[in-house]
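The task is simple: from the sequences and hints, build the whole structure.
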Amino acid sequence: MEIQIDALNKSYGAIRAVRDFTLTLKPGILGLLGPNGAGKSTLMRMLSTVTRPSSGTIRFDGADVVANPEALRRTLGYLPQDFGVYPHLSASEFLEYIGALKGIPRRRLRERVAELLDLLNLAHVGARPLGGFSGGMRQRVGIAQALLNDPRVLIVDEPTAGLDPEERVRLRMLLEQMASDRIIIFSTHICSDIESVAKRVAIIDHGMLLANDSPENLLRARASLEEAYLSVITGARAAA
Amino acid sequence: MTGLWSIYALVRADVLERTRCYQYLATVAVTLLVGTLLVPGRHASYETFLIDGYRGIYNSAWIGANFALLTAMLLSLFAFYNVKSAVERDRTTRVGEILATTSIGRFDYSLGKALSNFVVLGSMAAILCLTAMVMQFVRGESYAFAPLQILIPFAVVVMPLIAMVAAIAVLFEMVPWLRGGFGNAVYFFGWTAYLVWSVQDELRGVPWWRDMLGANLVMRKVWEALLRVDPRAKPNSIEIGVNVGAGVRHFFTFMGFHWTVAEVAERLVWFAIALCIVAAAALLFDRFSKPARSTEQRRGNAVVLRWRTAAGRLSAPLVDALFGSDFGSIVLAEFRLLVRGLSLWWYVVAGGLWLFALFADATGQSLAVGLAWIWPMLQWSQLGTRETVFATEQFVYPTVHPIRRQFVAQWFAGVLLALVSAGGSLVHWTIAGNFTGLEGVLAGAVFVPTLALACGALSGTTRLFEIAYLVLWYLGPMNRTPFDFTQGAYAPQFTLASVVLFVVAVGARTVRLRYA
Numbered sequence: 001m002e003i004q005i006d007a008l009n010k011s012y013g014a015i016r017a018v019r020d021f022t023l024t025l026k027p028g029i030l031g032l033l034g035p036n037g038a039g040k041s042t043l044m045r046m047l048s049t050v051t052r053p054s055s056g057t058i059r060f061d062g063a064d065v066v067a068n069p070e071a072l073r074r075t076l077g078y079l080p081q082d083f084g085v086y087p088h089l090s091a092s093e094f095l096e097y098i099g100a101l102k103g104i105p106r107r108r109l110r111e112r113v114a115e116l117l118d119l120l121n122l123a124h125v126g127a128r129p130l131g132g133f134s135g136g137m138r139q140r141v142g143i144a145q146a147l148l149n150d151p152r153v154l155i156v157d158e159p160t161a162g163l164d165p166e167e168r169v170r171l172r173m174l175l176e177q178m179a180s181d182r183i184i185i186f187s188t189h190i191c192s193d194i195e196s197v198a199k200r201v202a203i204i205d206h207g208m209l210l211a212n213d214s215p216e217n218l219l220r221a222r223a224s225l226e227e228a229y230l231s232v233i234t235g236a237r238a239a240a
Numbered sequence: 001m002t003g004l005w006s007i008y009a010l011v012r013a014d015v016l017e018r019t020r021c022y023q024y025l026a027t028v029a030v031t032l033l034v035g036t037l038l039v040p041g042r043h044a045s046y047e048t049f050l051i052d053g054y055r056g057i058y059n060s061a062w063i064g065a066n067f068a069l070l071t072a073m074l075l076s077l078f079a080f081y082n083v084k085s086a087v088e089r090d091r092t093t094r095v096g097e098i099l100a101t102t103s104i105g106r107f108d109y110s111l112g113k114a115l116s117n118f119v120v121l122g123s124m125a126a127i128l129c130l131t132a133m134v135m136q137f138v139r140g141e142s143y144a145f146a147p148l149q150i151l152i153p154f155a156v157v158v159m160p161l162i163a164m165v166a167a168i169a170v171l172f173e174m175v176p177w178l179r180g181g182f183g184n185a186v187y188f189f190g191w192t193a194y195l196v197w198s199v200q201d202e203l204r205g206v207p208w209w210r211d212m213l214g215a216n217l218v219m220r221k222v223w224e225a226l227l228r229v230d231p232r233a234k235p236n237s238i239e240i241g242v243n244v245g246a247g248v249r250h251f252f253t254f255m256g257f258h259w260t261v262a263e264v265a266e267r268l269v270w271f272a273i274a275l276c277i278v279a280a281a282a283l284l285f286d287r288f289s290k291p292a293r294s295t296e297q298r299r300g301n302a303v304v305l306r307w308r309t310a311a312g313r314l315s316a317p318l319v320d321a322l323f324g325s326d327f328g329s330i331v332l333a334e335f336r337l338l339v340r341g342l343s344l345w346w347y348v349v350a351g352g353l354w355l356f357a358l359f360a361d362a363t364g365q366s367l368a369v370g371l372a373w374i375w376p377m378l379q380w381s382q383l384g385t386r387e388t389v390f391a392t393e394q395f396v397y398p399t400v401h402p403i404r405r406q407f408v409a410q411w412f413a414g415v416l417l418a419l420v421s422a423g424g425s426l427v428h429w430t431i432a433g434n435f436t437g438l439e440g441v442l443a444g445a446v447f448v449p450t451l452a453l454a455c456g457a458l459s460g461t462t463r464l465f466e467i468a469y470l471v472l473w474y475l476g477p478m479n480r481t482p483f484d485f486t487q488g489a490y491a492p493q494f495t496l497a498s499v500v501l502f503v504v505a506v507g508a509r510t511v512r513l514r515y516a
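Keeping their order, the protein sequence lines are chains A and B.
Residue numbers for the first sequence follow my numbering, so the first one is 1 and each next one is one higher.
Residue numbers for the second sequence follow my numbering, so the first one is 1 and each next one is one higher.
Hints may be right or wrong, so weigh each one.
[As the list claims (entries may be wrong)] These stretches of chain B come out as covered by chain A in the derived footprint (C-beta under 8 Å, 3 or more residues): (1) 86–98; (2) 102–112; (3) 440–448.
Since the hints were made in silico from the structure, they are not lab data.
Ideal placement from N, C-alpha and C gives every residue a C-beta, glycine not left out.
This is how it looks when you write it as structure tokens:
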């Protein structure tokens with residue numbers, strides 16, 4: 001299983017959000033790092049078939065995702081950075097709704113929703129309206145919806161936002177467990193979130209891929225991933 | 001197609017989300033109230049459906065005809081605004097971004113949203129239908145209960161119509177420029193024009209495609225029944241809606257409709273047309289590929305941008321005004337927020353209307369003022385809502401005296417815009433020395449922004465004002481009824497109404513400040 005991103009570009013008028021981005025993804029966690037406005041979310045929106053690229057290709061196991069998004073959608077889990085819920089639906093109802101749209105058969109769906117609510121420590125509030133949920137609880141509902149269809153490709157944009165330290169650890173462990181046979185793209189600002197779990201780390205700034213390496217290689221001769229990240233970013237900016 | 005299961009899930013979630021909020025309860029309450037008002041008692045000061053002074057006794061057949069006709073008119077207009085938010089909800093809540101990654105197709109999504117609209121509209125129709133049955137016994141003119149005489153007109157007349165309204169609402173949501181307040185105005189005027197077109201040939205009958213509301217069909221069949229009782233009954237004196245002062249001169253017993261196959265088939269065609277509209281909407285559906293922002297949020301960003309620009313230019317006086325006593329600077333800043341970002345064409349049309357008002361004769365003044373009150377409607381609709389819509393409460397509410405200064409300044413800015421908009425008429429009446437005319441314009445200039453402020457402060461959205469105002473504008477300035485807030489004769493009433501609305505607005509904003 002692999003995703004091939006080749007010469008991907010996305011422009012909004014005169015602004016080039018993603019430029020000539022080329023990357024091949026294999027099973028495991030790819031940590032995506034970059035400053036605000038670097039193009040991470042735009043890249044993820046294209047990978048998750050929400051937005052079409054201006055040019056370039058995305059292939060999933062050889063299938064052109066831009067021309068045929070269904071090739072990826074059936075097996076995709078996506079947690080946007082900034083997402084909403086229907087405040088008057090309960091967590092169970094909301095997940096059943098998204099699950100049905102993802103094409104999960106009715107008989108299996110209720111069982112799957114219960115499993116995920118349990119996994120994400122939401123079983124006790126599953127019947128409560130989402131409008132009363134805290135930010136962290138809502139974030140966990142978002143993670144649950146991304147996992148509903150047992151995705152082979154999981155794209156999570158800032159998944160730890162709003163989670164308390166214990167929940168962050170739980171999420172990291174969950175993603176690590178899932179990573180053996182899935183492609184997981186984990187975008188974040190927080191280097192420590194991906195340092196221990198990512199198989200590879202991609203650093204992006206001004207829409208360009210600046211580095212794509214293992215955490216071990218990036219950490220070589222540096223005290224932390226944060227330091228490595230800053231070094232790559234400042235180096236690229238100085239060169240520009 | 002991703003299958004019926006996905007569409008069912010979409011409809012279910014959407015309907016649950018809509019019907020669990022307090023607005024729906026309010027809608028149910030209003031629907032019940034309206035239902036009771038549609039069957040006025042014998043001594044009521046108004047009538048709802050008369051043909052040449054004839055009214056049927058309240059048996060099941062007449063109640064069925066009366067309700068089918070009036071429900072069709074009410075649901076096709078007011079309920080459109082109630083349901084035109086299904087797609088917008090997915091944009092504003094950002095659930096759309098998640099939906100975009102699922103397998104649901106454009107057509108399935110559009111169909112699901114239209115069906116959800118249909119269910120919500122259907123629930124209102126069902127409430128009215130049940131109310132109709134109850135009201136037959138409440139009025140007690142006939143106790144012979146024939147439920148099919150009530151149900152069948154609903155099925156034949158109302159159901160195809162609400163299918164159309166449900167589909168049109170989805171279409172409007174898919175077209176970017178029809179999503180917001182402009183679309184609301186387009187629908188209102190389109191609906192009015194279509195209604196006039198469908199009944200303008202009296203009861204001679206119009207082709208089916210000119211009678212989506214079914215109003216002509218119902219009236220014609222009732223009139224045909226009436227002709228059997230009184231062959232001299234005139235079809236050109238039909239009164240529908242709330243007709244204050246209309247009196248029943250005669251009663252007759254309406255025995256019910258006899259629908260022909262052709263008539264039923266013609267009504268059913270509207271379901272097919274609705275499906276075609278859904279298909280067209282699906283073609284226009286962007287699958288939330290644009291960044292998930294609502295029209296209002298986009299406008300909000302534009303305003304924030306404008307604010308930044310304005311703040312850049314005005315930063316010193318603005319800051320002084322906030323902490324000093326220069327109230328005028330805040331009014332000016334609020335005024336700039338109201339009008340900045342408008343296109344050149346907006347000003348060209350406003351200028352044209354201004355000149356028209358200046359030179360129009362006394363007869364033309366009613367139209368001139370009416371148009372001057374409608375053109376800046378979308379600007380006024382921001383009053384009282386801007387902080388909620390653009391999520392700037394956290395900045396505005398903690399400022400010094402947020403009601404006494406900012407909120408009142410916002411109201412002043414709205415009044416100022418009204419005075420500028422109707423400036424042509426003000427100058428005209430001043431030159432003519434007609435103080436009654438002047439009084440009317442001034443009363444309107446205070447009333448309209450105050451209504452906007454009150455609606456905005458109460459609801460936190462622009463929609464309440466846009467709908468209430470369009471209806472009032474149609475009833476008043478365009479039809480010269482006692483609701484005409486531009487006429488000097490009614491200036492005292494509207495001045496009093498402005499005071500009441502202003503108190504309501506301040507009260508609503510105070511509550512928001514307390515619970516923000």
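Tested hints:
1. 86–98: holds (count 7)
2. 102–112: Check passed, 3 qualifying residues.
3. 440–448: violated (count 0)
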